[in-house]
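Engineer: Each chain, written out:
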Amino acid sequence: MRYLPHTDEDIAAMLGVIGVEGIADLFGSIPADCRLQGELRLPTALSEWELDDHMDRLAGMTAVSPDYKVYLGAGSYDHRIPAAVTHLLGRSEFLTSYTPYQPEMLQGTLQGIYEYQTLAARLLGMDVATASHYDGATALAEALLMAVRITKRKRVALSRTIHPHYRQVVRTYFAPTEVELLELPFLETGLTDLSRLEGLDGLAALAVQSPNFFGCIEDLREAGKKAHAAGALLAATFSEALAYGLLRSPGSQGADIVGGEGQSLGIPRSFGGPALGILASRKEYLRSLPGRLVGRAKDRDGKEGFVLTLATREQHIRREKATSNICSNNSLCALAAAMYMAFLGGTGIRELASLNRDKAEYLKNALREAGCTIPFAAPTFNEFVVSAPGGFDAIHRRLLEKRIVAGLPLGSHYPELAGHYLLCVTETAGRADLDALVKGVRS
Amino acid sequence: MRYLPHTDEDIAAMLGVIGVEGIADLFGSIPADCRLQGELRLPTALSEWELDDHMDRLAGMTAVSPDYKVYLGAGSYDHRIPAAVTHLLGRSEFLTSYTPYQPEMLQGTLQGIYEYQTLAARLLGMDVATASHYDGATALAEALLMAVRITKRKRVALSRTIHPHYRQVVRTYFAPTEVELLELPFLETGLTDLSRLEGLDGLAALAVQSPNFFGCIEDLREAGKKAHAAGALLAATFSEALAYGLLRSPGSQGADIVGGEGQSLGIPRSFGGPALGILASRKEYLRSLPGRLVGRAKDRDGKEGFVLTLATREQHIRREKATSNICSNNSLCALAAAMYMAFLGGTGIRELASLNRDKAEYLKNALREAGCTIPFAAPTFNEFVVSAPGGFDAIHRRLLEKRIVAGLPLGSHYPELAGHYLLCVTETAGRADLDALVKGVRS
Amino acid sequence: MSKALGTSGLILNEPLLWERGRKGRCGFSLPERDVPESPLPAELTGDGPPFPDLSEVEVVRHYTRLSTWNYGVDTGLYPLGSCTMKYNPKTNERQAALKGFAAAHPFLPPELSQGALRLMTGLERDLAEIAGLDAVTLQPAAGAQGELAGMLILHAYHRSRGRQRRKILVPDTAHGTNPASAALCGYAPVPVPSDGRGIIATETVGALMDEDTAGIMITNPNTLGLFEENIREVARIVHERGGLVYGDGANMNAVMGIVKPGAIGIDILHLNLHKTFSSPHGGGGPGSGPVAVRKELARFLPVPRVVETDGMYQLREDFPDTIGRLLAFHGHFGVLVRAYSYIRSMGPDGLKQASRLAVLNANYLLEKLKEVLHLAYDRPCMHECVFSDRDQQAEGITTLDVAKRLMDYGYHPPTIYFPLVVRGAIMIEPTETETKEELDRFVEAFRAIVREGKENPELLREAPVRCKVRRLDETAAARNPCLTG
Amino acid sequence: MSKALGTSGLILNEPLLWERGRKGRCGFSLPERDVPESPLPAELTGDGPPFPDLSEVEVVRHYTRLSTWNYGVDTGLYPLGSCTMKYNPKTNERQAALKGFAAAHPFLPPELSQGALRLMTGLERDLAEIAGLDAVTLQPAAGAQGELAGMLILHAYHRSRGRQRRKILVPDTAHGTNPASAALCGYAPVPVPSDGRGIIATETVGALMDEDTAGIMITNPNTLGLFEENIREVARIVHERGGLVYGDGANMNAVMGIVKPGAIGIDILHLNLHKTFSSPHGGGGPGSGPVAVRKELARFLPVPRVVETDGMYQLREDFPDTIGRLLAFHGHFGVLVRAYSYIRSMGPDGLKQASRLAVLNANYLLEKLKEVLHLAYDRPCMHECVFSDRDQQAEGITTLDVAKRLMDYGYHPPTIYFPLVVRGAIMIEPTETETKEELDRFVEAFRAIVREGKENPELLREAPVRCKVRRLDETAAARNPCLTG
Ligand SMILES: Cc1ncc(COP(=O)(O)O)c(C=O)c1O
Ligand SMILES: Cc1ncc(COP(=O)(O)O)c(C=O)c1O
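If you're matching them up, the sequences are chains A, B, C and D in order. 1 is the number of the first residue of the first sequence in our numbering; add one for each residue after it. 444 is the number of the first residue of the second sequence in our numbering; add one for each residue after it. 887 is the number of the first residue of the third sequence in our numbering; add one for each residue after it. 1372 is the number of the first residue of the fourth sequence in our numbering; add one for each residue after it.
Derived from the structure by calculation, the hints contain no laboratory data. Mixed in with the good hints there might be a few duds.
What the hints assert, rightly or not - Now the stretches of chain A that chain D is said to cover, found in silico as 3 or more residues with beta-carbon under 8 Å: (1) 41-51; (2) 54-66; (3) 252-258.
Claimed, not checked - Here are some chain A residues the structure puts well away from chain C; computed CB gaps all over 10 Å: (4) Ala129; (5) Asp135; (6) His228; (7) Ala229; (8) Gly272; (9) Glu304; (10) Glu351; (11) Ala436.
Unchecked claim - Here are the simulated SDA-like cross-link-like pairs (lysine to any residue), alpha carbons at most 25 Å apart as the crow flies: (12) Lys1741(D) x Arg1818(D); (13) Lys1461(D) x Trp904(C); (14) Lys1322(C) x Gly22(A); (15) Lys1807(D) x Thr620(B); (16) Lys1807(D) x Arg908(C); (17) Lys1538(D) x His497(B); (18) Lys595(B) x Thr620(B); (19) Lys1538(D) x Lys746(B); (20) Lys1256(C) x Arg1276(C); (21) Lys746(B) x Arg1465(D); (22) Lys764(B) x Leu1579(D); (23) Lys1256(C) x Asp1326(C); (24) Lys321(A) x Gly199(A); (25) Lys976(C) x Arg171(A); (26) Lys283(A) x Asp1326(C); (27) Lys909(C) x Lys1723(D); (28) Lys746(B) x Ser1379(D); (29) Lys1254(C) x Arg171(A); (30) Lys1053(C) x Thr1088(C); (31) Lys1470(D) x Phe27(A); (32) Lys1461(D) x His497(B); (33) Lys1739(D) x Gly1695(D).
All C-beta atoms in this analysis are idealised placements derived from N, C-alpha and C, irrespective of residue type, glycine included.
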């Protein structure tokens, strides 16, 4: 086996040094009744080339462009990734290194993550961002756990316009706690009904997603005001990070903690993961943040460098008293996001975000003209909900036959929205594609 | 444009320093009547993504596996390339560096090429190999020019079993010279008729390919004896380098100079290029070798390193008196070959070569059983010539309909072999594929 | 040319991203605008984030240079104990990059994602077989989330039995994530001291395990690289008193095909695909921490689960007892592809041989290094061995000094100061992909460093001297944190 | 953090391949044997080549380490004059790796290779347009082989006119490949001295060009970075006397979309795709040197040629006047894919802008550097500028010393001691992909080095000190060549 370098002579020489007869002798401390009799029942080894064929076949059994046009977003977005990102991320010094606990020899990762933290914080208008979290859902869950720790209150309000899966994850994380999770309904406009906050006491945090699951842009400023008035923190979340190339940042609107998804920033969809949890907060909550942080440091000669810092929040130092149990995070995805943001730049990200908005709007208008209904009036970014007289299901099925996946059915998550679909349009969709979709709707 | 970093302010500042008004002023030395009026008529720029689509479409218009089974060799071979080779070769330090004229800063390339030279020389049983040449054909042409320089004779004998394209290239290179090129016919066995050498005088070199164009293994020892008896050098060539994982090396059989093709050693076919000219010789002809050579050197502290050496053979020093005009060679391909040989190892290359032989033999026997004729009796490596009663053309056409490219028609290069095809079988062909081919022949 | 591995060479400085660039540059190929503009209401939009504008070549150089300040497994030996820094095969990267995987949307209808779902099912089956357990979830994002999943299952299990418990046993050798994960579920970790041989004594567990204790979290082999020999007895006691046994499978690399955790009393086990199953660590992640459980616990597994019906695979959420969802989607699929590729490439014999050689390598190192350093527990080890700086204390040399000096010699240091039960621990896990020659050189480096420690201790205290920066002041950095620029 | 670019960091030593490994290892995945053995007669087979046997991780580390001793365009500024070391776009690598290109066999029947043939036709057309000439061959493997092709065409042309000629004019600023290529065709190069302004005077050519001279090889802009202003007159004279004008287009990066060589008297032109058209140099190759010619010379082009009939492309060899075949197959197709991708990505405006900025960058450097170094020809340049060590001679400092010291500063040195007409030449071609900031830093490095040369010349003579090795003794290496291990 090409990964195993030992020749028979190597093994014999090593056993000789150890002073045992065979490798089996090294397993002497394993009681006989703990040992597996027989062998693992797994498929036999494939050569590199058989593996290639096998994987080509499996990979060939999923629907991707150009064979299929997939207008799905809902937390996982189809954005262009420069070949240069893929190339740089493949540098083995980044790919095959461990967490930079030994900073002198991993300054590349450290500066890279420090830059990521900075760009993520700038994107969101926050003071600090962590080195990464698993994904948007877990980042939100940790943000809310953090809010509970900070406020020492036991009630959290979640907007129903938050991605249903994110809310499920929050539920999972809060299941063993005594915290009460409330859900806020949404209005006809597609936005959160913030009026429901009134009269709620003991609120630790209000969680709002913007753009929300329906693609609608929430009024974070209003949400912040309401949350703060209730003595709670505003925890903002998002699944489409690119929106903040265009929208006012959550930080500028009053968010105290932000936990959302960075997959849009140069990370392939990859059937849902790995993605990138972005977790950021105002300065004052720094020591409550979960997970790793990179900070500046000086070496003995006063030379600038970077280290993992504030580790006393973390499990390897504080064990059960840590701010979280997270250890491995999604570092390489954070590095990808930093690269992506660097390639785009401030000028580029704004243009790209506008293009997303405009393309989605183009389709939205065309669908409306084609007789579809757009139930929510609030402005959207690159996703929107669509229905049709009698529901969109039949249209969706018809389009599927033309190899167009026209959005995600909403009925299973929002029974009141049965027959409604969530469509996403990014810069990858050409006008001709969009026109073809509309034609399919009409026919 | 993302490759062009200049902002308008940059340009203005730079023009200010230079002291001109506009960039156009920098072109003042170009007489007006030399300047292009109007613009280049080229297609407008594509975005990275449009380019991807465009190239995907073009690349989709060639027949490759798994859609097609291609049994073509004839100088370009289908061998497995480890993913690790591709990865390492993509390291930008190798890919984007220039010729190592500044050795202190390019020790990676230099050691890598020194190792290539060594492995290439070991493969062929020669004393030295150059840093690379363009391809097998030009390596052969240069080997023969070299033989003419060394012997100061004006006649070269080429076996007709040498790849017809190689012979064409030799003709091209020799066209402006006064050297006479003779061709030696081949025997019924598929081997060169060396008896034709008798009586030839003033011979500078005898050139023989083994395995020859028909896949047959020539008797290099005999060729060497005959050449040397005539006072000529034996110039060996080859198009399938992998054969020397199994066969006796040309050096061990008496070759004085070897110029052949290394594409099999980890280099993709890539529609024929870039490939790898391997050029090697006995020590005594070292100073007549064309092209770059890497040698060991010591630095001021006595530390070992590598440099380009014996540059006084080369055009940048000797200009018209150089041993060749070659400047850029196929360095990265040489590095790929060294990597490939390193991954395979001595043990691996022998096994892989045997597998090639055995698979080809399997098909050869099966075709014979299926009623085809195998005109040449000499042992072959991974290629062989096949025909059928009434010729193989109809069978070839029939197989093409089944997406099987069953070899190369030989008629255009060897009129006497009309209806004959040259088939190649490598380790990439599974037994089931071969059986399918035979079934197609039978039906 | 046999000389020291580490040496000094030319590297390039590189400023922070935003110290480069000029407003108006762009390193991204913006797609053509083929639709009319449709601006958002002005009150919704900002000025765009204050990012630097860079050309493509600037960004490429930036990260190329940064990368050269790093050290990966492809650079050299990375003997971090408990981290299993084995070689990450290049073919796995090819597979994960296949368009049908990398570009697949997680909400694709099942009939359009059979390839991905099949791969997941295959991997679940393989991991179940290796673990000796019945059902697997691939969803956890990393080892720690696997632990959390496990604790949630434990929690759900006790709730389902009508009475929640408040404590959980955690050996003192456990990784920090263990108590932290337990705490997330409200369990108070009760430390279980290891005995003089570095393992858990049955009696200790017998004394601590009670009806208010939910179970035990046990790492086997443990972080001292020792097999918990009493595991079956321990499990029996825990089970008898109504608890469950959680296995931290981060050290599975020692016993693939040799021990099936499910067969020795483990009820729930997480595996680290980014350790045992060769997926690269990426400078800290992403990882993947699948959890395997006994049949009886399968109903608690997180959703969605991949279900096969008549050869058709689909993701299903309708499991009423589930602990819920752990990630927005179905796990770190890209990492799963790599682990699947690895398992397929190794086959059952290859995996077992990997474990055998991992243990051989560790014992070889142990044997040779114990002449040089103080060995914490002088007995054969499994996949890793733990030394300490005891014998260096006379010269005032610490484990940290030795670790930093190893860098100058061209090696990534081992894990240090963990596990906590060994003072000044130096925890070495060579993995099976290292050659004997490499291990020999590594021992020589240690030998030279220990000698330097005696003869010229300043060399150690001032180390490293070859890296881009000298020793960094982590204390000052934490006192005045600067986390963004 | 604005500090010097070059610094010292940890790199790893690495022995020669065969100093690693153990008999019996293998880093290659051998396909399963599914056919019976069929051994060759023993007298034909040897023992197999004496290669070392290595595992995959050993080979990966070997080359990873070697790579870190290298410097590429992705590392930093690479201002080699005459080499056009511009940024090599990453997307080009993606395209060249597409299976339909990389795995295509050159003997595929035309109907099965339309994509590749179409690409070649598209590239031929683009290059013809850029060159202002009528027909193109993509076959030459590099610039030098392009020259050879050109000389063979010249040769064939004269032969076709009934009388061969024996000489060819070659300016003294020409690249070494020019006379060497001419000599391969039996032409004796006649040096044409450049005038005081660094270019060829019409009268000089008038005096040298005769009926026994086949033509002239002219590089425009020339290797001093100067436009041959008299090109049209020179061409007129050469043509009048029955000769042809060969253009070495290696410096085309200065004038894309600005000058069409075919429109200023050039009959035959080679282009270096690995310079002007962004394909990477690969540590010395592979390159690609297409040749463009006037209509009347098209019949001499090498075969095969791509021919279109009714939208169907094929390779044809039936051109009786062809000079023949230059390579076994149709050229360095993989390089062609990259150049094609580049041209498509840039479009006509982008290419022109690239040339404009290349010239801007060179002139900016010229202007700033001339305060620091002696400028050989004090006039505006095109894409490159040439300085010398004249002002350093007092301190005994040479161009070589300056070049080596630049390495310590983190830069690849410029081309040195070429062109030959400038003593101690320092030939700088920044290319258009460098930023103003990078050029400013580069000038500062020069300034610092020149200062060091005055204050502490040993720093230069001992340079480099940061690279893996110090200055290597090339003379001793050539005296006792050791070329294999
Ligand atoms: C023994 C042990 N358990 C758990 C973990 C946590 O795994 P992860 O980092 O994937 O969350 C680690 C990681 O180092 C470990 O070594
Ligand atoms: C002016 C000039 N002509 C010709 C060449 C030769 O090109 P190649 O190296 O591709 O053979 C070069 C290469 O440096 C050059 O600079």
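Engineer: Let me make sure I understand: some of the numbered hints might not hold for this structure. Which ones are they, in numerical order?
Structural biologist: Numbers 2, 3, 4, 5, 8, 9, 10, 15, 17, 19, 21, 24, 25, 26, 29, 31 and 33 - these are the hints that the structure violates, sorted from lowest upward.
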